[in-house]
Structure formats: structure tokens, C-alpha cells
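Sequence lines, in order, name chains E and H.
Read in order, the letters of the first sequence are residues 2 to 335 in our numbering.
Read in order, the letters of the second sequence are residues 2 to 335 in our numbering.
Treat each hint with caution, since some may be false.
List time: in silico DMTMM-like cross-link candidates among lysine to aspartate or glutamate, alpha-carbon distance up to 25 angstroms [said to hold, decoys possible]:
(1) E:Lys-270 / H:Asp-284
(2) E:Lys-270 / H:Asp-231
(3) E:Lys-212 / H:Glu-58
(4) E:Lys-145 / H:Asp-281
(5) H:Lys-147 / H:Asp-191
(6) E:Lys-270 / H:Asp-142
(7) H:Lys-212 / E:Glu-58
(8) H:Lys-145 / E:Asp-142
(9) H:Lys-172 / H:Glu-299
(10) H:Lys-270 / E:Glu-228
(11) E:Lys-172 / E:Glu-292
(12) E:Lys-147 / H:Asp-37
(13) E:Lys-145 / H:Asp-142
(14) E:Lys-202 / E:Glu-192
(15) H:Lys-270 / E:Asp-231
To be clear about the criterion: a stretch of chain E counts as covered by chain H if any three or more of its residues have a C-beta under 8 angstroms from a C-beta of chain H, and this derived list gives those stretches [what the hints assert, rightly or not]:
(16) 240 to 248
(17) 267 to 281
Please keep in mind that the hints were generated in silico from the structure rather than gathered at the bench.
In this text the structure is predicted, and so the values were computed from the model without any measurement.
Think of the CB as a built atom: it goes at the ideal place given N, C-alpha and C, for glycine as much as any other residue.
2 protein chains.
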Amino acid sequence: MAQVNRQWRLAARPVGLVKETDFEWREEPVPVPGEDQFVVHNLYLSLDPTYRGWMNEAGSYVSSVPIGTVMRGAMIGVVEQSRNARFPEGTLVQGMLGWEDYSLSDGKGLSSLPNDPSVPLTAYWGLFSHIGLTAYYGLLDVGKLKSGETLTVSAAAGAVGSLVGQIGKIKGCRVVGIAGSEAKCKWITDELGFDAAINYKTEPVLDSLKKHCPNGIDVHFENVGGEVLDAVLSLINLRARVVVCGLISQYNATGPVPGPRNFWRIVGKRARIEGFIVLDYYDRAAEAMRELRQWYIEGRLRYRVDVVEGLENAPRAFNRLFDGSNQGKLVVKI
Amino acid sequence: MAQVNRQWRLAARPVGLVKETDFEWREEPVPVPGEDQFVVHNLYLSLDPTYRGWMNEAGSYVSSVPIGTVMRGAMIGVVEQSRNARFPEGTLVQGMLGWEDYSLSDGKGLSSLPNDPSVPLTAYWGLFSHIGLTAYYGLLDVGKLKSGETLTVSAAAGAVGSLVGQIGKIKGCRVVGIAGSEAKCKWITDELGFDAAINYKTEPVLDSLKKHCPNGIDVHFENVGGEVLDAVLSLINLRARVVVCGLISQYNATGPVPGPRNFWRIVGKRARIEGFIVLDYYDRAAEAMRELRQWYIEGRLRYRVDVVEGLENAPRAFNRLFDGSNQGKLVVKI
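In isolation and in its complexed conformation, chain E is listed as follows (with noise of 0.2 angstroms):
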């Protein structure tokens, strides 16, 4: 074991993007389990858009991270000294601890995972996760998706997005994702299996979705906001949904953000926008995951792990969540 944690504080709360320093670079000792606490060796951090909220003062649905605290992150790790009898050492877990090598923890808010070859640690993030429950959740608990109707996607190659695609296919429904780069089109369409795809950055969003919606949209499931959910909103079919899972184009608004324009469309429509948060269904995640791994195991659900090499490099790795340029689900090796 090491004799230095290695650590991200928050050291203000970021205006627009987060920048390096915004945050803090300790080294502090390795921390002591005392009665019923455990060490965890953190090995992969998850790195999700919403942290950008808890960076903020106040208005996210989870409370924000004190500034001079441990940045707060979902981890897996491997319990190293435990006075817990339910975590003993060795035990692999997956939840809510800290930008940094070692945590200190209870067990409240941790699961452990299974010892499973089979599958790759990483499939944790990527697929058995909050992101496959939001996928799960989103689109079929929320958006309510049918057997043969029009789906789209925004951030299709993303995390979520792409399997929200990928699940959407698996339901029989005619799925169009929009990506930001001719690879990620080509991968959502030529490996994943969408009907189409709208590369937002080349091409006129409305009039590609037009071509490849001929039937309209039954089904939205937002991740981004902004432009494409302004045409999205004026192609949606009678008794639309709109799933707002995230709208990431304005996590980093400094000013007042506009709505989605052609928002009228939804009284002629009947249409339902609806937000949701993925905590709301972590009592069923079950359900979800039996699924998901039903779909993994025969082939037909792929996701895709973006890497990023080092503690040290986490506040910068970050912001690819918001430039575009990260490939699937991103996470830290630590």
C-alpha cells in the first residue's frame, strides 16, 4: 500500500468550463479505517456531465461539493484494510466516493461487485451502471417506446446514447441518432445498428431528419438540447415524448440559456416533455440489469469505454465530456 493519497479538492466553484484550477492537488496520508470503516484503492472514476452541477453553489438535484472538499465522483475500487465485516479485503465495489486514490468509507452508498471474468470491469460503467439504467429507464419507462415507432437520439455515441439506439433497435423501432463526427456516425449506423445518422457538425439537422424520419418522431430522447431538440420538436408525431435525460450544450452557460423553440408544437400535438433523473429508478435496477445483461451476453448491446490514463489528468479530461471528442463512456484509471 502506498504511503501517499494522491487527491482532487475542490477549490472553486468554475464559471463556464472548469479549468485546472478550479481544483486543488493535495497529498495527504492514506487514511486509517477506524471502527466499521474500510480503505478503498480506487482503480477506475467514472466521469459524468451532471458533476458539473455539483460544482455549482446550488440547484442540482444532489447537494454541490464544498469547496476545500475531495472532489466527489462514482468509483470502483477494492477494499484494501477493512474493520467491516460486509466489505471485507479484496472486495470489489462500485459507488460514490472521491477524486482520489484512496477512500475512506462506512459502506453506505456502496455495492460489491461480483468476481466475474466474464465480464470486464469496465462494463460496469459502460453497460451494468447508472448509464444502462438510464438508458433502460429513459427510453422505456419514461419515453414509453413502442414496437415499430421512429426514435431519435442526440449524443447517440455517447454512453447513454448509444445505448438508448442500441435499445431502441432491440425493441423494433426505426432509430436515427444525431453524433457530432463522421466516426461516431459510422459507428452508431455501421457497428451499432441505427437506421441513420445526422452528423449535426456537416449537416442540416431539420432536413436530415426530415429524409430519415419519414414518418415523423414518436420518440426524443435528449441528451444535449439546443438545436436539435428545436428540430426535433417540429417533426414529433401525435402523443410524442420527449425524454430530457440531460442537456449538456448548457451545463456550462455562464447566462440565461433559451428554451427549445417550436415548443408550441406540443399543444397541437399532445406531446409530453418530461425530465427525469436516473436515482429515481435505483430500486429497480434489478429488473434493469437482468436485461442488460440478458442483451450483453447474446451480442446484441456493445458499449464503448473512453480511457483517460491517471488521477492527475481527471479536471482535464473532464471537459471532453462537453468538446465532443470522447468516444463512449468516459472513465480514469487512477
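Given chain E, work out where chain H should sit, using these hints.
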């Protein structure tokens, strides 16, 4: 029976607010009923914001009115000449006819009204009509209002809004209305029993909403769009429902309209924004009418009609729906 059938025909697709020159005044012979037809002597024309969409080339939920034809409108009239056994002379009828003295009909889309002296004819506009159905199903079926919740209503002194607020009180909720004059605010609080009213023309809407909704907003009934909706979205509670009945502030827009700011709030709050059209509830009308009638008899539900005299004034009166000068359900006495 008169010799002349005065008519307003649609002469042009209006740009922005309608102008009298968008219509043509015609004096035609009174129609003569053919086999199975009858002539309705029109008595009261309902003026509704949704007509504005019908005047456009396309894009509304029902077909647009062709240029050169009599403007469509909801009407109450009495059958004067009939060759249809289901609608004998003297029958009071209600349904979609034209902006004219006499309309020819085969009965399609018309229903007969009871000859009940205890209910004034105008109640079939202000209460027992699409107005009552809109308020009832919009609030209870789409909005799923529950006892003890806080309800906000825009255009709260309008035909629909005033009923929405009263039903909210009947259901045991805190009700706050937003309206555009002191007289309207006084009417909804002093006579209709709203808990509070906000004059959006003289008060800071967000601050006043904060004051009058100390527990946040659970259901918002939207008739207007724009600034009020922006403010409401910043105060919604977890799992709030925003019922979008209309966006009257936008019907005369000649360019793109900004969407609701604070739209992002629906994600963290897992809120739902849903559009609806009363047409979808016509097959359940009897159920709502029974309850509305009961509340009316018990004196718990009031309505107000704003009667404009003379068919010739219909086009000018129509704009009163948009400048806030009407007080209650706007109808034209022909």
C-alpha cells in the same frame, strides 16, 4: 325569416393580429335546406384563441379555413327550416358552423341543447362547453391535480383559467392566478375564491410567485407562454406537471418565438410538460358535464361571458382575446 344571410368570409391569411381586411363581408341569400338538411338561425358565436391557428395556411390540429369560404366558428343557434327528422324546427343546437346569420347543416358535428330555463344559453359557452371540458380534463386528467397541492394558472381571469382555479379550490388546493389587471385580480380572489392573484403588468411575477407559493408549485396550467412560464419553471416542485393548454402570447407571432427559459429545471425536478387539446376528451364529455353541472348548481362554480353585440363586430372583437380586454368567455350575439 330574413331575406339576407350576412357572412364573414376569410379573405386573406392574417399576419400577426387579424385585421378587418383579412375578412370579407358578404350578403348572400339565406340557404334553402335540401334532403336531410336544415337551416340554423345563428344566435351566439363563440370566439376562441384557437381560431387564429385555423386562419393560417397549415400547422394547426384541425384543417385551416380555405380562403374565400365562410370563417368557421363554434355556434349556438335554433333550427328554423328543417328537412331532417333528428333536428326539427325549434331545436336549439350547438356545434361548428360559420360566422354568418344562417348556416346550412346536415347535423354532422352538431348536438342539440336541452330546453332548460334554469340554465342561461350563455352557460353553454362559459361552462358546459369546450371551455368547461378544457378546464376539467386539462387540470384533472393531464395535470393530475391532487388535494393539498399548489396550483398556478395564467390568464386566470379568462374563460378557461377562471374555471381551472375554481376547480382547484374545490379540490382542496392552494390556487394562485396570474392576470393582467387589478379588476381581474380582484374578481378571481374576491368572487372566485383564489388564494392570491398576481397582476403581471404591475408586479414582478417571479417575486410575487415566490411570496404566494411558499411551498413551490406542483401544477401549473399554462394558457399564455412567455415570461410567466419562465418564472413558474424556476419554482416547480419535484414531479411537477405543467399543462400547456395554449400559448396565447405566441399565436400572432410573425417570427420565431423563444422557448421557455429555465427549461432545464425539468430534469432535476423530474417534471412533465404536456400539451393537450380538448377534442381528445369529447367522448368523455358526459362525465365532466355531470360534475360541472353539480358544482354550478351548488354555487361553487361561476363563469362570466363577455357579450359583443352584432356579427359585424366579430373580426374586431376577435383581437380582444389577445390584448387582454375581454372579461370572461368572449361571445358574439348575432
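Consistency of the hints with the structure:
1. E:Lys-270 / H:Asp-284: With a Cα-Cα distance of about 18 angstroms, the restraint between Lys-270 of chain E and Asp-284 of chain H holds, given a limit of 25 angstroms.
2. E:Lys-270 / H:Asp-231: holds (22 angstroms)
3. E:Lys-212 / H:Glu-58: Holds, at about 23 angstroms.
4. E:Lys-145 / H:Asp-281: holds (20 angstroms)
5. H:Lys-147 / H:Asp-191: holds (24 angstroms)
6. E:Lys-270 / H:Asp-142: Holds. Lys-270 of chain E to Asp-142 of chain H sits at ~17 angstroms (cutoff 25 angstroms).
7. H:Lys-212 / E:Glu-58: holds (23 angstroms)
8. H:Lys-145 / E:Asp-142: Distance ~18 angstroms between Lys-145 of chain H and Asp-142 of chain E Cα, so the pair holds.
9. H:Lys-172 / H:Glu-299: holds (15 angstroms)
10. H:Lys-270 / E:Glu-228: holds (23 angstroms)
11. E:Lys-172 / E:Glu-292: Roughly 12 angstroms between the alpha carbons, so the hint for Lys-172 of chain E and Glu-292 of chain E holds.
12. E:Lys-147 / H:Asp-37: violated (45 angstroms)
13. E:Lys-145 / H:Asp-142: Satisfied, since the Cα-Cα distance of roughly 18 angstroms is no more than 25 angstroms.
14. E:Lys-202 / E:Glu-192: Given that 25 angstroms is the threshold and the Cα spacing comes to 21 angstroms, the pair holds.
15. H:Lys-270 / E:Asp-231: holds (22 angstroms)
16. 240 to 248: holds (count 4)
17. 267 to 281: Since 13 is at least three, the answer is holds.
In terms of the numbered hints stated before, the structure departs from hint 12 and from no other.
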